[in-house]
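*Asks:* Take a look at the letters that make up each chain.
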Amino acid sequence: MTVEELHDIAMSEREAQGEYLHHIHVCMAAGCLSSRSDKVKEALEAEVKRCNGEKKCLVKGVGCMGPCAAGPLVSVAETGTMYRGVTPEDAADIVQSLGKEPVSRLVYPTDTPFTQRQVKVVLENSGKIDPERIEDYIAADGYSALLQALTSMTPAEVIEQIVRSGLRGRGGAGFPTGLKWTTVAKANGGRKFVICNADEGDPGAFMDRSVLESDPHRVLEGMAIAGYAVGASQGYIYVRAEYPLAIKRLRTAIRQAERQGLLGNNISDTQFSFHVDLRLGAGAFVCGEETALIASIEGKRGTPRPRPPFPAESGLWGDPTLINNVETFANVPPIIRNGGEWFARIGTEKSKGTKVFALAGRVVNTGLIEVPMGITLREIVYDIGGGVPDGRQFKAVQTGGPSGGCIPEQHLDMPVDYESLVQVGSIMGSGGMIVMDETSCMVDVARYFMEFCMTESCGKCIPCRVGTAHMFDLLTKISEGRATADDLALLEELCDLVQNTSLCGLGITAPNPVLSTLRYFRDEYLAHITERTCPAGACQMRR
Amino acid sequence: MRQSVRVKTLKIDDRDVGAREDQTLLEVCRENGIFIPALCHLDGLTPVGACRLCLVEVKGQRRLLPACVTRVEEGMEVNTATERLKKYRRQILELFFSERNHICSVCVSNGHCELQSLAQQLGVDHVHFPYRYPRLPVDASHDRFVIDHNRCILCTRCVRVCDEIEGAHTWDVMGRGINARVITDLNKPWGESESCTSCGKCVHVCPTGALVEKGRSVAEMAKRRQFLPYLTLMREGKQ
Amino acid sequence: MRTDFVNPSPPSEDKRWRLVDATMRRHGRQSHALIESLHTVQESFGYLDEEALRYVAAVLRVPLSHVYGVATFYHFFTLKPPGEHTCVVCTGTACYIKGAASILSAIAQAEGVKPGETTKDGKLSLLSARCLGSCGLAPAVVFDGEVVGKMTPSLVLERIRGWTSRDGRGTA
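Residue numbers (the numbering used here), protein chains in the order written: chain A, 1406 to 1948; chain B, 25 to 263; chain C, 6 to 177.
Next up, chain A with everything else stripped away, as it sits in the complex:
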């Protein structure tokens, strides 16, 4: 496909959509689907047909709109009106109201900080385009960045823009993306690979799933651009088998892109060929670790191996391999389209751009949000999240999942960036953000994450295999009021050992939830040990 042909598709799609007077968008991402948004869409379509309005009103299934807990969500594109908790019975009222006053009982207010404080880069198309139609993506400037890169930029120039953007890996650790691309581009080897890590495993995170369900072509485009930049012609998306809808939409998207000649051999009549295949994960959190993920794609047990050599030199089948996560790739097309400098203007000095978070737990507005780096946690929890419900007291916000930590009230005014989060004992992580109130016991939370690490430990290295099991037992003992001060000392000793001697990131970070809760909520541990009570009232004392 040439640039002109792409332009033509975009124009005719926009024209076709522009012929409709009204555009009703129904969220068809997994969150709303689980509250039967498919039935809502059917009812709306039937209602439009009943009114003979098929030529005037388009009912379109779209991706995630954000406030998932308020689903099923419906919006009217031309007015920006959003409806919450829509049932099939509401269809008639919504269709009748088009061009008139909105249905007030269903309106979801959009003039709130939840909507207004967000900045959408990765999610710019989410909730607007139909994820199952490539034309809709193309009409939203989709694949223009890929063709721009292929026809008017050298691979080095593409990498240059990524370096300038200051983009850092969105999988958690925040390694500079441009540097990673440079390393793979420079690595010797005839065959290279690009892997998209979509094995989103943090319990409490669904950013990547949402991007894949709402805008799958964006990820494919980002991967193809990466392939061109580093010299790879084969890409793999390693996606959780637990995400059937994301898998289905990715498969559709790959097929469509191949048919349009945007993936495959000699894309846009250039020398560049790029193919993408899916590989399904099978329920192993450790496969989020690069070397374990590679082992899994090779059909083996997903156990990590010591680095170096890094995958950039020796990855899949021993060849140089670029691994980035979903959100990182999703940032690539807009960076190429608008330039690295444009991206670098968003965010802070060292953390550029935006970050998508899955806001959940004890907070009024739960769902998917995208905010500029540097926003404070307080703004996220109280302005966007609407604070803690039921008049309860905020206690902590957990970021980074089992590798992260619990951040207390005193640090809420801290800006959200990679370095600040590490300073307070947590990490950016992939974007799970769980708010906890006074009813959550910090010992119990630490125990929950340690159980996770223990069951997800691959068992290859001894500190993680046995250390996490000992730590889990000790935390159980503490939470049941059976522990002594010696047990607490032993727990801290194990934290140090596991953190410093484990083979991979899972073990190295496994003690983080314990260390951060010990740092800010030591009194809660002591209450369990000396007074044998749980201040939050969450733990059952056994003695």
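In short, the hints are calculated from the structure, not lab data.
Straight line, CA to CA, 27 angstroms or less: simulated DSSO-like cross-link-like pairs of lysine-lysine:
| no. | chain 1 | residue 1 | chain 2 | residue 2 |
| --- | --- | --- | --- | --- |
| 1 | A | Lys1444 | A | Lys1653 |
| 2 | B | Lys111 | B | Lys83 |
| 3 | B | Lys35 | B | Lys83 |
| 4 | B | Lys212 | C | Lys125 |
| 5 | C | Lys85 | A | Lys1705 |
| 6 | A | Lys1525 | A | Lys1755 |
| 7 | A | Lys1533 | C | Lys155 |
| 8 | C | Lys155 | C | Lys119 |
| 9 | A | Lys1591 | B | Lys32 |
| 10 | B | Lys212 | A | Lys1705 |
| 11 | A | Lys1454 | A | Lys1465 |
| 12 | B | Lys212 | C | Lys85 |
| 13 | A | Lys1533 | A | Lys1460 |
| 14 | A | Lys1653 | A | Lys1465 |
| 15 | A | Lys1444 | C | Lys155 |
| 16 | A | Lys1454 | A | Lys1444 |
| 17 | B | Lys110 | B | Lys35 |
| 18 | C | Lys155 | A | Lys1653 |
| 19 | C | Lys128 | C | Lys20 |
| 20 | B | Lys32 | B | Lys83 |
| 21 | A | Lys1653 | C | Lys20 |
Computed footprint of chain B on chain C; a stretch qualifies when at least three of its residues, placed anywhere within it, have a C-beta under 8 angstroms from a C-beta of chain B:
| no. | region |
| --- | --- |
| 22 | 52 to 59 |
| 23 | 70 to 78 |
Using C-beta positions, here's what the derived DEER-type ranges look like:
| no. | chain 1 | residue 1 | chain 2 | residue 2 | range |
| --- | --- | --- | --- | --- | --- |
| 24 | C | Glu151 | A | Arg1656 | 18 to 28 angstroms |
| 25 | A | Pro1518 | C | Arg31 | 42 to 52 angstroms |
| 26 | B | Ser222 | C | Ser170 | 55 to 65 angstroms |
| 27 | A | Pro1714 | C | Gln35 | 16 to 26 angstroms |
| 28 | C | Arg31 | B | Arg54 | 45 to 55 angstroms |
Just so it is clear, CB atoms sit at the ideal spot from N, CA and C, and this is done for glycine as well.
Mind docking chains B and C on chain A? Use the hints.
*Replies:* Showing chains B and C alone in chain A's frame:
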């Protein structure tokens, strides 16, 4: 095969040493008589960096590095025996002892066990982590050999020797984390294995009393490993 | 070395083996197709039995212990046949904070099963999942593949009773 291999000089424990560029820190240390403990490593088998006993401090590196898989570099400054490393090594050995049942006095490998001798060497006189003592099976279905999972430390030497040297790949690891266990074939009794050639290499590379010959009583099971370097060389076609 | 093995034929006439064969063929019967092939077996047969493990091992020429090691490493795979109905309780952080544990204990009390177990009459398999990605709807439960959000112990038990009573007999 014999291309010019460059030589690197580095400092280990304040001693200047020379090494071929393709050598690991562990190899260089052992060549120079510098003691580094290791249980998963065995000359002739692919290193895996799993037992973490060979961790060393390398100047300029934030993390500790496993000597068995870390290649030498020019000007490297390595410390192999700091107090911190000694503490971690003792703690790791204690983790091994606490994971399963390692009561030496009743073990056929008593006196010939690498775990036991390392513990003696590093001064592990007690285990202060709680013993887990899971009740694991002993499989004596094979004509000549026995596996006692209670003594297994999951070093995977048996898995590697069977795959890399014997070429049978009878052994592998099942499950994961604290529930991981070595298995033969589809987790069937060893004696029923369709792939086992009964060569016995797994038994002789096993560092503990997990894999032993039948009919041995307490403290009788000494292992013979002389075959390994020779077989490795033969496989690599260097002889 | 010569590697002209004869490809083994499927264990039975069952048409589902064709799906498994198709997956293996798509990947050129290479050993790295192991996980993809096991996915197809489980999708087609509901679980991985010994016959299936042996067949996949033979076609892909992968050692038996390697296949078993992989099948037991990944928690998505199951070596036991599932019950007639499955109920998956999400135990991701958001669901945990909002009471997933109380749902699990309510099911344990009513049906006598823990996650990973099937009731004695084979009616119900209870599983727990590490985050379904439906955190906005926490706590979430999957009933026979259908995700339902904002669950409570009593709502979950109601659904489960619907299965067990509709099917005639009560639970064990």
